[in-house]
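Q: All chains should be modelled from the sequences, with the hints used to inform the complete structure.
Protein sequences, first through last, are from chains A and B. Quick note: the first sequence uses the UniProt record's numbering, first residue 1, plus one each step. Quick note: the second sequence uses the UniProt record's numbering, first residue 1, plus one each step.
Hints were generated in silico from the structure; no laboratory data involved. On a predicted model such as this, the values are computed, not experimentally measured, just so you know.
Within a straight-line C-alpha distance of at most 25 Å, the following computed DSS-like cross-link-like pairs (lysine-lysine) qualify:
| no. | chain 1 | residue 1 | chain 2 | residue 2 |
| --- | --- | --- | --- | --- |
| 1 | A | Lys407 | A | Lys345 |
| 2 | B | Lys20 | A | Lys253 |
| 3 | B | Lys253 | B | Lys345 |
| 4 | B | Lys345 | B | Lys407 |
| 5 | A | Lys353 | A | Lys253 |
| 6 | A | Lys20 | B | Lys253 |
Label-pair distances were calculated between CB atoms; the ranges are:
| no. | chain 1 | residue 1 | chain 2 | residue 2 | range |
| --- | --- | --- | --- | --- | --- |
| 7 | A | Gly279 | B | Asn150 | 22 to 28 Å |
| 8 | B | Arg423 | A | Asn237 | 47 to 53 Å |
| 9 | A | Gly375 | B | Glu30 | 48 to 54 Å |
Each residue gets a CB set at the ideal place from its N, CA and C atoms; glycine is no exception.
Number of protein chains: 2
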Amino acid sequence: MQEIQIGLLGFGTIGTGVAKLLMNNSALIEEKLGTRLVLKRIADLDITTDRGISLPAGMLTTNVDEVLTDPEIAIVIELIGGYDPAKRFVLRAIEHGKHIVTANKALLAVHGEEIYAAAARQGVEVLFEAAVGGGIPVLSAIKGNMAANNFATVFGILNGTCNYILTRMTQEGADFGAVLKNAQELGYAEADPTFDIEGVDTAHKLSLLLSLCFGTRVDFDHIHTEGISAISAIDVNFARDFGYKIKLLAIGKRDGDRIEARVHPTMIPVNYPLADVDGVFNAIRLSGDFVGPVMFYGRGAGMDPTASAIVGDLMDIARNILAGIGRRTAPLGYLEGRVKTLGIKPMGEIVSKYCLRFSTLDKPGVLAKIAGSLGRHGISIESMIQKGRSAGETVPIVIMTHEAQEKDVRAALAEIDDLDFIREKSNLIRIEDNLE
Amino acid sequence: MQEIQIGLLGFGTIGTGVAKLLMNNSALIEEKLGTRLVLKRIADLDITTDRGISLPAGMLTTNVDEVLTDPEIAIVIELIGGYDPAKRFVLRAIEHGKHIVTANKALLAVHGEEIYAAAARQGVEVLFEAAVGGGIPVLSAIKGNMAANNFATVFGILNGTCNYILTRMTQEGADFGAVLKNAQELGYAEADPTFDIEGVDTAHKLSLLLSLCFGTRVDFDHIHTEGISAISAIDVNFARDFGYKIKLLAIGKRDGDRIEARVHPTMIPVNYPLADVDGVFNAIRLSGDFVGPVMFYGRGAGMDPTASAIVGDLMDIARNILAGIGRRTAPLGYLEGRVKTLGIKPMGEIVSKYCLRFSTLDKPGVLAKIAGSLGRHGISIESMIQKGRSAGETVPIVIMTHEAQEKDVRAALAEIDDLDFIREKSNLIRIEDNLE
Numbered sequence: 001m002q003e004i005q006i007g008l009l010g011f012g013t014i015g016t017g018v019a020k021l022l023m024n025n026s027a028l029i030e031e032k033l034g035t036r037l038v039l040k041r042i043a044d045l046d047i048t049t050d051r052g053i054s055l056p057a058g059m060l061t062t063n064v065d066e067v068l069t070d071p072e073i074a075i076v077i078e079l080i081g082g083y084d085p086a087k088r089f090v091l092r093a094i095e096h097g098k099h100i101v102t103a104n105k106a107l108l109a110v111h112g113e114e115i116y117a118a119a120a121r122q123g124v125e126v127l128f129e130a131a132v133g134g135g136i137p138v139l140s141a142i143k144g145n146m147a148a149n150n151f152a153t154v155f156g157i158l159n160g161t162c163n164y165i166l167t168r169m170t171q172e173g174a175d176f177g178a179v180l181k182n183a184q185e186l187g188y189a190e191a192d193p194t195f196d197i198e199g200v201d202t203a204h205k206l207s208l209l210l211s212l213c214f215g216t217r218v219d220f221d222h223i224h225t226e227g228i229s230a231i232s233a234i235d236v237n238f239a240r241d242f243g244y245k246i247k248l249l250a251i252g253k254r255d256g257d258r259i260e261a262r263v264h265p266t267m268i269p270v271n272y273p274l275a276d277v278d279g280v281f282n283a284i285r286l287s288g289d290f291v292g293p294v295m296f297y298g299r300g301a302g303m304d305p306t307a308s309a310i311v312g313d314l315m316d317i318a319r320n321i322l323a324g325i326g327r328r329t330a331p332l333g334y335l336e337g338r339v340k341t342l343g344i345k346p347m348g349e350i351v352s353k354y355c356l357r358f359s360t361l362d363k364p365g366v367l368a369k370i371a372g373s374l375g376r377h378g379i380s381i382e383s384m385i386q387k388g389r390s391a392g393e394t395v396p397i398v399i400m401t402h403e404a405q406e407k408d409v410r411a412a413l414a415e416i417d418d419l420d421f422i423r424e425k426s427n428l429i430r431i432e433d434n435l436e
Numbered sequence: 001m002q003e004i005q006i007g008l009l010g011f012g013t014i015g016t017g018v019a020k021l022l023m024n025n026s027a028l029i030e031e032k033l034g035t036r037l038v039l040k041r042i043a044d045l046d047i048t049t050d051r052g053i054s055l056p057a058g059m060l061t062t063n064v065d066e067v068l069t070d071p072e073i074a075i076v077i078e079l080i081g082g083y084d085p086a087k088r089f090v091l092r093a094i095e096h097g098k099h100i101v102t103a104n105k106a107l108l109a110v111h112g113e114e115i116y117a118a119a120a121r122q123g124v125e126v127l128f129e130a131a132v133g134g135g136i137p138v139l140s141a142i143k144g145n146m147a148a149n150n151f152a153t154v155f156g157i158l159n160g161t162c163n164y165i166l167t168r169m170t171q172e173g174a175d176f177g178a179v180l181k182n183a184q185e186l187g188y189a190e191a192d193p194t195f196d197i198e199g200v201d202t203a204h205k206l207s208l209l210l211s212l213c214f215g216t217r218v219d220f221d222h223i224h225t226e227g228i229s230a231i232s233a234i235d236v237n238f239a240r241d242f243g244y245k246i247k248l249l250a251i252g253k254r255d256g257d258r259i260e261a262r263v264h265p266t267m268i269p270v271n272y273p274l275a276d277v278d279g280v281f282n283a284i285r286l287s288g289d290f291v292g293p294v295m296f297y298g299r300g301a302g303m304d305p306t307a308s309a310i311v312g313d314l315m316d317i318a319r320n321i322l323a324g325i326g327r328r329t330a331p332l333g334y335l336e337g338r339v340k341t342l343g344i345k346p347m348g349e350i351v352s353k354y355c356l357r358f359s360t361l362d363k364p365g366v367l368a369k370i371a372g373s374l375g376r377h378g379i380s381i382e383s384m385i386q387k388g389r390s391a392g393e394t395v396p397i398v399i400m401t402h403e404a405q406e407k408d409v410r411a412a413l414a415e416i417d418d419l420d421f422i423r424e425k426s427n428l429i430r431i432e433d434n435l436e
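A: Rendered as structure tokens:
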């Protein structure tokens with residue numbers, strides 16, 4: 001039976017994993033497809049570094065056109081990352097009738113629509129399971145076996161670096177800066193960790209989940225994105241006292257013709273399955289109208305898990321090629337023309353529970369004034385902790401609210417921050433204790 | 001675009017869920033497929049009971065041939081359950097060129113090979129996502145995006161009735177019999193719960209997981225199957241003291257050309273994600289050579305989740321029909337002729353940690369004799385608890401072992417049970433604390 005030829009753009013860690021998987025497991029793949037997937041050519045600017053695997057002579061090239069325009073190559077894997085030149089190369093590959101497999105969430109979150117439209121014109125597939133949750137096959141499950149569901153919510157722990165840092169802060173009571181520094185030394189955080197710790201990577205992934213779950217375009221700039229750099233040991237410890245863990249959560253909710261789309265540190269109850277997702281692991285929890293709540297858990301990054309997702313996509317496309325058909329499923333699972341544009345609800349309108357931390361002078365009447373301000377804005381208090389007492393000194397007061405609208409909470413905090421006994425800007429962490 | 005006509009065999013709870021889903025979410029399905037999935041005819045012996053949904057006149061029939069031989073019907077859903085007449089009907093539908101979607105794990109675990117062979121001859125699909133884990137899309141993930149992995153292990157909490165009973169025993173310290181009775185009153189256990197509580201249902205599901213993960217036929221009768229009816233409150237409480245929960249676990253492991261295939265109550269550490277799978281929820285944890293450990297969690301049964309899996313399968317087949325192709329994937333993910341027959345390792349040869357409970361007379365020297373017997377059989381002790389002291393009375397001694405071979409443990413227990421201070425047959429629960 002015909003071999004299926006594959007081209008690869010970008011020969012870094014993930015690309016090396018893909019090459020290794022295609023070689024190591026070629027017999028298994030043939031047992032399932034009845035043919036071989038052959039990596040024909042790899043384009044990278046660096047063709048001299050030893051990646052630790054031996055490739056046939058001539059497989060590596062610096063000339064991207066040897067991948068993009070080779071008529072024998074049926075599928076192009078894009079692992080360059082970033083917006084440019086990845087976007088140009090992907091569009092050129094599509095023009096030449098290649099199916100696309102990519103792990104590039106940034107590219108799809110920002111330029112997905114243009115790429116999907118080009119792929120529709122050419123009748124080729126664009127698959128990107130590796131872009132969200134590494135090896136966890138959540139996107140193909142949403143587009144595949146769970147496709148009959150209207151989804152109400154999607155929650156994700158999607159960034160291994162953030163989750164590793166928060167896990168260590170929780171386990172050690174350590175502060176953010178110290179753990180980040182150590183994580184960088186250990187290779188769990190990049191030298192410039194901004195994209196990870198400020199939540200941008202998580203927001204890219206959320207954007208893709210939202211599109212698949214809700215059948216909508218997502219204006220990436222409208223996703224509210226907060227990272228974890230402002231989380232302190234004191235927050236982590238108070239959370240624990242209340243029975244919660246702090247996780248950087250991607251949150252998507254459908255509310256009629258609008259969606260919530262936000263990434264921020266979130267307190268979740270310790271006895272929830274998502275709270276046990278520690279270290280570099282990722283998890284995605286969704287709720288569909290028929291399937292109910294479903295959770296997927298696994299390694300969210302790394303050479304091997306990401307290669308698993310990419311080769312899974314290759315095999316999916318290979319089955320089409322072997323069956324003699326081109327495109328079988330649109331990139332977002334919804335047919336072109338059926339993808340909606342649901343607006344993103346402004347943060348002021350969201351309803352959540354909140355954990356509020358005030359830094360106040362320890363003197364009588366302080367709590368009454370804070371509670372009074374919250375009450376005037378319609379915010380009711382579920383519980384309160386003031387740890388330690390030292391009259392005349394600064395102490396933290398932590399208040400857990402019932403559900404309230406964010407704009408009311410913001411207004412109350414602004415009013416409270418003007419009170420004379422408040423020593424620092426008050427701090428807010430949202431709580432999710434209803435993951436349905 | 002052409003509508004796709006579907007026939008349904010068996011109009012019980014799940015069938016009603018499928019009919020409801022196809023009606024409620026028809027617009028969503030059309031947004032994804034570009035066509036409608038139309039339930040044309042339902043065959044059931046009972047066509048008078050009100051299922052709470054309104055169907056067009058004439059859709060219900062007692063004549064199964066109106067489903068099996070209707071040339072307009074492309075896909076037949078089998079929800080009769082059991083071996084016969086389900087098997088005859090499925091084979092007849094395949095002969096007539098129908099694709100099959102079923103939730104019948106018993107049928108596939110025992111007669112799968114014959115059905116898959118018939119489907120291969122006719123070039124039709126046999127999909128059965130609903131047969132394992134209800135709505136959890138684990139089978140399509142194994143056959144789909146994770147297909148490039150050699151799997152090493154698969155663990156599952158696959159029976160909601162057992163998990164509900166064990167969860168309540170753990171939470172309430174209650175005994176098996178009392179919780180079962182209450183579960184029956186609440187509808188969480190059948191009037192005759194044998195298939196569930198004796199592990200047969202779990203073993204059926206394990207059989208399917210083994211076939212998909214390891215590409216093998218499974219001789220169902222060789223799966224070691226123990227249920228939960230022998231688990232007592234005392235076991236649950238000791239487990240908790242050692243930091244474990246007891247779950248009815250389906251265990252599959254690949255060991256060269258053989259597999260382990262067993263279903264039994266198992267102690268797992270409380271801080272493992274599988275330990276948090278409580279009540280009627282199911283979970284499956286697998287480990288692939290590239291993807292690493294992955295876990296799937298969700299509702300393992302019930303009208304709506306099961307309908308989600310069934311309609312997901314329908315949509316998968318519909319995409320083939322719309323693309324003008326017949327069969328795209330073999331039922332087990334491996335091509336015919338590539339499915340192996342891996343032998344099942346006898347239980348005596350498995351290696352595990354064990355929790356052993358002895359009922360002994362409380363007198364000096366007892367522990368030394370037990371430990372001596374274990375030592376002579378090469379079994380080393382990790383920890384021991386003797387709760388309470390009452391000289392001359394019967395007390396339980398609980399011992400956790402390091403890894404040992406089961407035949408050695410059995411031999412030691414036989415020897416110990418012959419000692420004069422042993423009051424009851426000694427009890428053994430296997431421990432899994434390495435789910436990789």
